[in-house]
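J.: Since the structure of chain A is provided, determine the placement of chain B with the ligands on it from the hints.
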Amino acid sequence: MGLAHTPDRATLLDIYRKMTLIKQNDEKSRAIILSGKIPMVYYSPRGQEVIPSAISVNLKATDNICTIYRGTHDMLAKGVPLKDLWAELAGKSTGTCKGKGGPMHITHPASGVLVTTGIVGSSLPIANGVALASQIRGDGGVAVAYFGDGASNIGAFHEALNMAAVWKLPVIFVCQNNLYGEHTKYEKTTAAKRVADRADSYQIPGVRVDGNDPLAMYDAAKTAIDRARAGDGPTLIEAMTFRFYGHVFGDADRYMDDGEKKAAMANDPVPRFRQWLIDNGHSSDADLSAMETAVGKEIDEAIEAAIAAPFPDVAELRKDVFAEEIPA
Amino acid sequence: MENAAASKSQKVNMIQALNMALHEAMEKDKNVIVFGEDVADPEEGGIVGVTKGLSTKYGELRVRSTPISEQAIVGAAIGAGIVGMRPVAEIMLMNFTTVAMDMIVNHAAKLRFMSGGQTHVPITIRTATGSGLGVGGQHADYYEAWFAHVPGLKVVMPSSPAEAYGLLLSCIEDDDPCIFVENTLLYFAPGTPPVPGTRIPLGKANVIREGNDVTLICYGPHVAPSLAVADALSQENISVEVIDLRTIAPWDKATVLASVAKTRRAVITHEAVKPFGVGAEISSVIHEELFSQLKAPVQRVGAPYSPVPYSKPLETAFMPGIETIKAAVLKTINR
Ligand SMILES: Cc1ncc(C[n+]2csc(CCOP(=O)(O)OP(=O)(O)O)c2C)c(N)n1
Ligand SMILES: [Mg+2]
Numbered sequence: 011m012g013l014a015h016t017p018d019r020a021t022l023l024d025i026y027r028k029m030t031l032i033k034q035n036d037e038k039s040r041a042i043i044l045s046g047k048i049p050m051v052y053y054s055p056r057g058q059e060v061i062p063s064a065i066s067v068n069l070k071a072t073d074n075i076c077t078i079y080r081g082t083h084d085m086l087a088k089g090v091p092l093k094d095l096w097a098e099l100a101g102k103s104t105g106t107c108k109g110k111g112g113p114m115h116i117t118h119p120a121s122g123v124l125v126t127t128g129i130v131g132s133s134l135p136i137a138n139g140v141a142l143a144s145q146i147r148g149d150g151g152v153a154v155a156y157f158g159d160g161a162s163n164i165g166a167f168h169e170a171l172n173m174a175a176v177w178k179l180p181v182i183f184v185c186q187n188n189l190y191g192e193h194t195k196y197e198k199t200t201a202a203k204r205v206a207d208r209a210d211s212y213q214i215p216g217v218r219v220d221g222n223d224p225l226a227m228y229d230a231a232k233t234a235i236d237r238a239r240a241g242d243g244p245t246l247i248e249a250m251t252f253r254f255y256g257h258v259f260g261d262a263d264r265y266m267d268d269g270e271k272k273a274a275m276a277n278d279p280v281p282r283f284r285q286w287l288i289d290n291g292h293s294s295d296a297d298l299s300a301m302e303t304a305v306g307k308e309i310d311e312a313i314e315a316a317i318a319a320p321f322p323d324v325a326e327l328r329k330d331v332f333a334e335e336i337p338a
Numbered sequence: 026m027e028n029a030a031a032s033k034s035q036k037v038n039m040i041q042a043l044n045m046a047l048h049e050a051m052e053k054d055k056n057v058i059v060f061g062e063d064v065a066d067p068e069e070g071g072i073v074g075v076t077k078g079l080s081t082k083y084g085e086l087r088v089r090s091t092p093i094s095e096q097a098i099v100g101a102a103i104g105a106g107i108v109g110m111r112p113v114a115e116i117m118l119m120n121f122t123t124v125a126m127d128m129i130v131n132h133a134a135k136l137r138f139m140s141g142g143q144t145h146v147p148i149t150i151r152t153a154t155g156s157g158l159g160v161g162g163q164h165a166d167y168y169e170a171w172f173a174h175v176p177g178l179k180v181v182m183p184s185s186p187a188e189a190y191g192l193l194l195s196c197i198e199d200d201d202p203c204i205f206v207e208n209t210l211l212y213f214a215p216g217t218p219p220v221p222g223t224r225i226p227l228g229k230a231n232v233i234r235e236g237n238d239v240t241l242i243c244y245g246p247h248v249a250p251s252l253a254v255a256d257a258l259s260q261e262n263i264s265v266e267v268i269d270l271r272t273i274a275p276w277d278k279a280t281v282l283a284s285v286a287k288t289r290r291a292v293i294t295h296e297a298v299k300p301f302g303v304g305a306e307i308s309s310v311i312h313e314e315l316f317s318q319l320k321a322p323v324q325r326v327g328a329p330y331s332p333v334p335y336s337k338p339l340e341t342a343f344m345p346g347i348e349t350i351k352a353a354v355l356k357t358i359n360r
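As you go down the protein sequences, you meet chains A and B in turn.
Numbering-wise, this note's numbering comes out as the position in the first sequence, counting from 1, plus 10.
Numbering-wise, this note's numbering comes out as the position in the second sequence, counting from 1, plus 25.
Hints were generated in silico from the structure; no laboratory data involved.
None of the values given here were measured: they were computed from a predicted structure.
Each residue gets a CB set at the ideal place from its N, CA and C atoms; glycine is no exception.
Mixed in with the good hints, there may be bad ones.
[What the hints assert, rightly or not] To be clear about the criterion: a stretch of chain B counts as covered by chain A if any three or more of its residues have a C-beta under 8 Å from a C-beta of chain A, and this derived list gives those stretches:
| no. | segment |
| --- | --- |
| 1 | 83-95 |
| 2 | 155-165 |
| 3 | 291-301 |
| 4 | 324-332 |
| 5 | 338-351 |
[What the hints assert, rightly or not] Within a straight-line C-alpha distance of at most 25 Å, the following computed SDA-like cross-link-like pairs (lysine to any residue) qualify:
| no. | chain 1 | residue 1 | chain 2 | residue 2 |
| --- | --- | --- | --- | --- |
| 6 | B | LYS337 | A | MET50 |
| 7 | B | LYS337 | A | HIS118 |
| 8 | B | LYS82 | A | TYR196 |
| 9 | B | LYS337 | A | VAL324 |
| 10 | B | LYS337 | A | PHE332 |
| 11 | A | LYS271 | A | ALA202 |
| 12 | B | LYS356 | A | ARG328 |
| 13 | A | LYS38 | B | GLY159 |
One chain only, chain A, in its complex shape (with noise of 0.2 Å):
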């Protein structure tokens, strides 16, 4: 394939035991909004599990992300535990976030994820200013800024690839391109053929990767990574996907063309890529099984546990606000 990267067996099934954990997230996360149990606004990133796991097995646990209101396929990959996240998701005292943020703004500095916004194109410049420090400080950290294909058509993209390319700045910028912004097609709001050919004017790289691909999505990662680890500034990675469950969950994805999610969700890449792990001796479906099974008892755990924790005391409103708490 031409791959100047490929993971090792462990890095392989690391990949896949993230992918597995977005996935039943995902399925549990949209089962128990279904039963009412946890209301939540909920932007599902079924669909795009390999793109967080092929790039995190590449940070350390000091490096840094910035992510976006569609961000749990990401912040799991990058190590949020599960109880600190279900308990924020269901607004809990014990939530990464004491309830206060919750699921468009999960924040969690322990494991990196620094960073959760709302706003489309605000993670980027502030990877840019993560990535400053630790070019400053030179503490060898990268950071890493996820963020949607409709977000390359605000000004904060652009200002901020300029910035970083200017700078060269430990930052990688990728865009998680499902062809959709909200309801709308990327080709009729975007003049670019390819996200990435927007790296080309401010000089600095930028790639197209099947973002469905492990393999090649690992290739790209760390290439941009180790790039910038060592000094050489940022880069673009586009990474082509798709959103099975539409823009917010209780879409009914009446924009989309007919057949155009079926065709995406029948070549789901989870599946997909066990059978690969099996196919090529990395592993056997009953090591699988068992690991899946794993994985799925401690969503469930994390769930129980959100659900019989403590809401927050209304006093909270008064306390983080600044550093000081506002006197009643």
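T.: Frame of chain A; chain B with the ligands shown alone:
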């Protein structure tokens, strides 16, 4: 479609009323154009369907789904407005207006004045917001006080479907930039259908309910709870006059001051954060003009000084409701 719904139930919701207004405006004046994210029919005519049918009827030359580029959306509205069109730009949620602040504040608001009246910006920016839907800190803010603080912008917030219809048409036909703020919870509440062709003038408040003891000033989503408070207090022989401001900037001082001169007590309520909110300005003016006539200090109701929280109990505590409004009214009469 909206007509069928109207005749069946005799009620329409705000989405349908706004849709009627946009159809009427586009039909009447070919200079009216509509653009924003997802607004055309292939994209389902807006996230809740306010712009449904417009692109099919008037064509994608006049009705366009845009890139996610708020700055470019408002900039294009300004440019087209200067040369005589009447753009209605949609910024999906009020929080996203922040991305277009330069265009709104430095340009739309001031071009008339800075050009000595040679140019003007007859645009309407439709946007929506509201807490109560569990969307957290970046999708439910109210910035009406920010915009009201910028000379040159008109700020309008409708309280019912019929109000939305009449006020939106007035904004579109107005020669200055209007920020038209829809409420995400009110979208789905049914109300009396608008009478086609009616306009509700900008800058004129609506005395919805007359009373003698206290004036309760409100707008947008706080009109219904204010009326409920007035109802409840009438059981206790307290007579509350309720004023729907309709236009926040420029606000109808004459109507408000005349009412408070009569009742000699006033409360202002809004869903926006209380400190530095619209209530502060209105309260100050009442004190400046009517201090010696007041029987009690003017009271203000608003959300606490915090970003909109996600967790349900926190969000409920954050949103001022009927009980808070009622307590503020009672405070003015020492009960
Ligand atoms: C500045 C801004 N404008 C509009 C929105 C509303 N909005 C939320 S997600 C979205 C689509 C984003 O599409 P894309 O960047 O492709 O990401 P995807 O959701 O497909 O992952 C829009 C328009 C927003 N959150 N922020
Ligand atoms: Mg997209």
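J.: Under a C-beta cut-off of less than 8 Å, do 3 or more residues of the segment 155-165 of chain B approach chain A closely enough to confirm the stated coverage?
T.: Holds: 7 residues of the segment 155-165 of chain B have a Cβ under 8 Å from chain A.
J.: Against the 25 Å threshold, does the CA-CA distance of LYS337/B and VAL324/A hold or violate the hint?
T.: Since the Cα atoms of LYS337/B and VAL324/A sit roughly 10 Å apart, the hinted pair holds (cutoff 25 Å).
J.: Quick one, are LYS38/A and GLY159/B close enough, alpha carbons at most 25 Å?
T.: Since the Cα atoms of LYS38/A and GLY159/B sit roughly 20 Å apart, the hinted pair holds (cutoff 25 Å).
J.: Has the segment 83-95 of chain B got at least three residues whose CB is nearer than 8 Å to a CB belonging to chain A?
T.: holds (count 6)
J.: Taken at face value, is the distance from the CA of PHE332/A to the CA of LYS337/B at most 25 Å?
T.: Roughly 22 Å between the alpha carbons, so the hint for LYS337/B and PHE332/A holds.
J.: Is it true that the CA of LYS356/B sits at most 25 Å from the CA of ARG328/A?
T.: The hint holds at about 24 Å.
J.: For the pair supplied as a hint, LYS82/B and TYR196/A, confirm whether the alpha-carbon distance does not exceed 25 Å.
T.: Given pair LYS82/B, TYR196/A holds - Cα atoms ~24 Å apart, limit 25 Å.
J.: Just to make sure I understand the rule, a stretch counts as covered if three or more of its residues have a C-beta closer than 8 Å to a C-beta of the chain. Does the segment 324-332 of chain B meet that for chain A?
T.: Since three or more residues must qualify, the claim that chain A covers the segment 324-332 of chain B holds, with 4 doing so at under 8 Å.
J.: Does ALA202/A sit within 25 Å of LYS271/A, going by the straight-line distance between their CA atoms?
T.: holds, 23 Å
J.: If you draw a straight line from the CA of LYS337/B to the CA of MET50/A, is it 25 Å or shorter?
T.: holds, 10 Å
J.: Take a quick look at whether LYS337/B and HIS118/A sit within 25 Å of each other, Cα to Cα.
T.: Judged against 25 Å, a Cα distance of about 21 Å means the pair holds.
J.: When I compare C-beta atoms, does the segment 338-351 of chain B have three or more residues closer than 8 Å to chain A?
T.: Satisfied; 4 residues make the cut.
Of the numbered hints stated above, the single one contradicted by the structure is hint 3.
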